[in-house]
Amino acid sequence: MQAPCWKEVTEVCLSGCCPNPLQKLSAHHHRTMSNSGSTSAACRRDFAATTSSSIFPNTVFTNHESLPSLHESFADFTSVYPKYHETAEVDRIRAKEYYHLSQSNHTCLDYIGIGLFSSSQLHNHESSSQVRSDFPFFSLSYKTGSLKTQLLHGGQESELESAMRNRIMDFLNISENDYSMVFTANRTSAFKLVAESYPFKTSRKLLTVYDYESEAVEGMINSSEKRGAKVMSAEFSWPRLRIQSAKLRKMVVSKRKKKKKRGLFMFPVHSRITGSRYPYIWMTMAQENGWHVLVDACALGPKDMDSFGLSLFQPDFLISSFYKICGENPSGFACLFVKKSAVSVLEVSTSTGIVNLVPAKQLLQIAGDSSGTDTELEQISRLGMQLDALGTASSFSGLISNQSTPTRRLKQERPERAEEAANWEEIEIFSEKDENSRSSGNGNLEVVCRGLDQVDSLGLMVITNRARYLINWLVSSLRKLNHPNSKGIPLVKIYGPKIKFDRGPALAFNVYDWNGEKVEPVLVQKLADRNNISLSYGFLHHIWFSDKYAEEKGRILEKRESGAKGMDANKSKAKPDLGITVVTAALGFLANFEDVYRLWAFVAQFLDADFVEKERWRYTALNQKTVEV
Numbered sequence: 001m002q003a004p005c006w007k008e009v010t011e012v013c014l015s016g017c018c019p020n021p022l023q024k025l026s027a028h029h030h031r032t033m034s035n036s037g038s039t040s041a042a043c044r045r046d047f048a049a050t051t052s053s054s055i056f057p058n059t060v061f062t063n064h065e066s067l068p069s070l071h072e073s074f075a076d077f078t079s080v081y082p083k084y085h086e087t088a089e090v091d092r093i094r095a096k097e098y099y100h101l102s103q104s105n106h107t108c109l110d111y112i113g114i115g116l117f118s119s120s121q122l123h124n125h126e127s128s129s130q131v132r133s134d135f136p137f138f139s140l141s142y143k144t145g146s147l148k149t150q151l152l153h154g155g156q157e158s159e160l161e162s163a164m165r166n167r168i169m170d171f172l173n174i175s176e177n178d179y180s181m182v183f184t185a186n187r188t189s190a191f192k193l194v195a196e197s198y199p200f201k202t203s204r205k206l207l208t209v210y211d212y213e214s215e216a217v218e219g220m221i222n223s224s225e226k227r228g229a230k231v232m233s234a235e236f237s238w239p240r241l242r243i244q245s246a247k248l249r250k251m252v253v254s255k256r257k258k259k260k261k262r263g264l265f266m267f268p269v270h271s272r273i274t275g276s277r278y279p280y281i282w283m284t285m286a287q288e289n290g291w292h293v294l295v296d297a298c299a300l301g302p303k304d305m306d307s308f309g310l311s312l313f314q315p316d317f318l319i320s321s322f323y324k325i326c327g328e329n330p331s332g333f334a335c336l337f338v339k340k341s342a343v344s345v346l347e348v349s350t351s352t353g354i355v356n357l358v359p360a361k362q363l364l365q366i367a368g369d370s371s372g373t374d375t376e377l378e379q380i381s382r383l384g385m386q387l388d389a390l391g392t393a394s395s396f397s398g399l400i401s402n403q404s405t406p407t408r409r410l411k412q413e414r415p416e417r418a419e420e421a422a423n424w425e426e427i428e429i430f431s432e433k434d435e436n437s438r439s440s441g442n443g444n445l446e447v448v449c450r451g452l453d454q455v456d457s458l459g460l461m462v463i464t465n466r467a468r469y470l471i472n473w474l475v476s477s478l479r480k481l482n483h484p485n486s487k488g489i490p491l492v493k494i495y496g497p498k499i500k501f502d503r504g505p506a507l508a509f510n511v512y513d514w515n516g517e518k519v520e521p522v523l524v525q526k527l528a529d530r531n532n533i534s535l536s537y538g539f540l541h542h543i544w545f546s547d548k549y550a551e552e553k554g555r556i557l558e559k560r561e562s563g564a565k566g567m568d569a570n571k572s573k574a575k576p577d578l579g580i581t582v583v584t585a586a587l588g589f590l591a592n593f594e595d596v597y598r599l600w601a602f603v604a605q606f607l608d609a610d611f612v613e614k615e616r617w618r619y620t621a622l623n624q625k626t627v628e629v
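Letter by letter, the sequence shown follows residues 1 to 629 in my numbering.
Read the hints as simulated data drawn from the structure, not as lab findings. Any given hint might turn out to be false.
With a straight-line cut-off of 27 Å between C-alpha atoms, the simulated DSS-like cross-links for lysine-lysine are [said to hold, decoys possible]:
1. Lys143 <-> Lys261
2. Lys261 <-> Lys247
3. Lys261 <-> Lys230
4. Lys548 <-> Lys518
5. Lys148 <-> Lys201
6. Lys83 <-> Lys96
7. Lys526 <-> Lys559
8. Lys250 <-> Lys226
9. Lys96 <-> Lys143
10. Lys559 <-> Lys247
11. Lys339 <-> Lys260
12. Lys247 <-> Lys260
13. Lys493 <-> Lys226
14. Lys548 <-> Lys614
15. Lys201 <-> Lys250
16. Lys230 <-> Lys83
17. Lys96 <-> Lys148
18. Lys148 <-> Lys230
19. Lys614 <-> Lys247
20. Lys261 <-> Lys226
21. Lys255 <-> Lys205
22. Lys480 <-> Lys614
23. Lys340 <-> Lys247
24. Lys498 <-> Lys526
Estimated spans, in silico, between C-beta atoms of each pair [claimed, not checked]:
25. Glu347 <-> Asn177: 20 to 26 Å
26. Lys96 <-> Ala609: 41 to 47 Å
27. Asn105 <-> Thr62: 25 to 31 Å
28. Lys143 <-> Ala609: 34 to 40 Å
Nothing here was measured: the structure is a model prediction, and the numbers come from that model. Ideal Cβ placement from N, Cα and C applies to all residues, glycine included.
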């Protein structure tokens, strides 16, 4: 099973000289491979050197009022990265399909996952709607059962679910011949399903590779430990937060010559907090030493699966997450893929987390006859589960048939956490229109996921290059901000990779005041929100300090009062939760230069010695509540 975009490499340099890291060449091409490797390394070094020397060269900003304008900065940006203009199609898509981002003047840097739909797809016929819009088109309905049973025997699947499954597997280049898929409420549910079905009694170990605290991962650890798992974690070397290879290798490699299933190896490919990318060789090493491998693909870019090399690595489990619309509807679901040859390993256990996409074929009519009480709406939702199949005049977010249906925009309460949002959607049933309908040659329904279609049309190279230019400009520019005192204290501390060719489009940082004291990340987040910039915050952990940095350890690490949600509060033997709370930003494929410039300009305001105290007073006066992220 080879991805159609296999020739599009993961790491694309400015001149297009870097080779595909997974390319297989025959013996007589060894010399060419060696030369290509040298060229690739030089390409990466040149990129970092050019970025460091060309973005505001020999300049330090000590006053936020001295920053160059957006227009001047963009001109400099494009002179450093002239090929950014080749990504102009993204700007056209954003202006046409996601106009709400410009109209609201909002910068969304807190979306991680893959967007299914576009804003224009949602609102296309809103103005002509004459139908009550107080009932969602569909919801996610939880069902209790065994993951193994579901994978082996399946269940009654609506046409909507079948169409959505086919579209997602096609988008991710995952073959139905090799993998089975289930919809889950969110990433946390997917992890928990694996934890409650994996045979930890015989394959005792769970080895994770995460440099940040995650509710989903901690929930899986908690469930696994209850079933007898021995949990181990990779560590990350300070200050670059690279995997501590020697320690991880000892945990992965078996000392026994006889191959024996050792446990489950959880590999996230790269950090969704720091943007660190991890070598794929860890997956191969784990498989060769008897581990089952779970790949967490939730932080991958929207086209990264095209170059992941699924046919080479073939992990036993893979998890990916999807949200509805960037900047408007963060609710969504996750998908758990299980290699068919690995299903027999799982144990039968009763779990929750698998969901049905419930169509609303007759729900609007029923809802119109009810008084709308909570009990009645719950009964209506359950009734939707009894529908045998999705009617031809229905759509997930866009018409998927040839019959007409009244336009309808359906509101939902915005979930507090995008990662955990699951049940009610803000969605639209479109009226008859060719561009929103699609049927396959065999008569099966196909959902129109315009967000996925747009990503497919752009391709891997455009999306990867654009993100690379933007994130490295942002890193370089943030490092140009220094406090105007004799000590020259940097305003921003960046964790993980700095200016780097193959870093991911995520950033972890903290802001420091004149005295070198950290400004609380939650305060930075709330102040950013007041400036129409959506950020998140996270907690870096499992940090390893060599003797060289031993003195810094006590000054840098902080102790958490409590662990992540889902952890047992009365674990007396648990080690202290040490790490670093950080502000995080993530660039989606729709991010543009104005987004990163606005973040840079916002952070620069902390150069004003009075800014923090003045805003802290306003923050307290407004009695804003902290939002967990």
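Evaluation of the provided hints:
1. Lys143 <-> Lys261: 31 Å, violated
2. Lys261 <-> Lys247: With Cα atoms ~20 Å apart, Lys261 and Lys247 stay inside 27 Å; holds.
3. Lys261 <-> Lys230: Distance ~14 Å between Lys261 and Lys230 Cα, so the pair holds.
4. Lys548 <-> Lys518: Since the Cα atoms of Lys548 and Lys518 sit roughly 23 Å apart, the hinted pair holds (cutoff 27 Å).
5. Lys148 <-> Lys201: 17 Å, holds
6. Lys83 <-> Lys96: Measuring from Cα to Cα gives roughly 22 Å; hence the hint holds.
7. Lys526 <-> Lys559: 22 Å, holds
8. Lys250 <-> Lys226: Cα-Cα ~25 Å, so holds.
9. Lys96 <-> Lys143: 38 Å, violated
10. Lys559 <-> Lys247: Given that 27 Å is the threshold and the Cα spacing comes to 23 Å, the pair holds.
11. Lys339 <-> Lys260: 19 Å, holds
12. Lys247 <-> Lys260: 21 Å, holds
13. Lys493 <-> Lys226: Cα-Cα ~38 Å, so violated.
14. Lys548 <-> Lys614: The hint is violated at about 39 Å.
15. Lys201 <-> Lys250: 22 Å, holds
16. Lys230 <-> Lys83: It is violated: about 49 Å lies between the C-alpha atoms, which goes past 27 Å.
17. Lys96 <-> Lys148: 44 Å, violated
18. Lys148 <-> Lys230: 23 Å, holds
19. Lys614 <-> Lys247: 46 Å, violated
20. Lys261 <-> Lys226: 20 Å, holds
21. Lys255 <-> Lys205: 15 Å, holds
22. Lys480 <-> Lys614: Between Lys480 and Lys614 the Cα gap is close to 24 Å, so the pair holds against 27 Å.
23. Lys340 <-> Lys247: At roughly 32 Å apart (the allowed maximum being 27 Å), Lys247 and Lys340 break the hint.
24. Lys498 <-> Lys526: At roughly 25 Å apart (the allowed maximum being 27 Å), Lys526 and Lys498 satisfy the hint.
25. Glu347 <-> Asn177: 20 to 26 Å: 25 Å, holds
26. Lys96 <-> Ala609: 41 to 47 Å: Because 44 Å falls inside the window, the suggested range holds.
27. Asn105 <-> Thr62: 25 to 31 Å: 28 Å, holds
28. Lys143 <-> Ala609: 34 to 40 Å: Between Lys143 and Ala609, where Cβ atoms are some 57 Å apart, the hint is violated.
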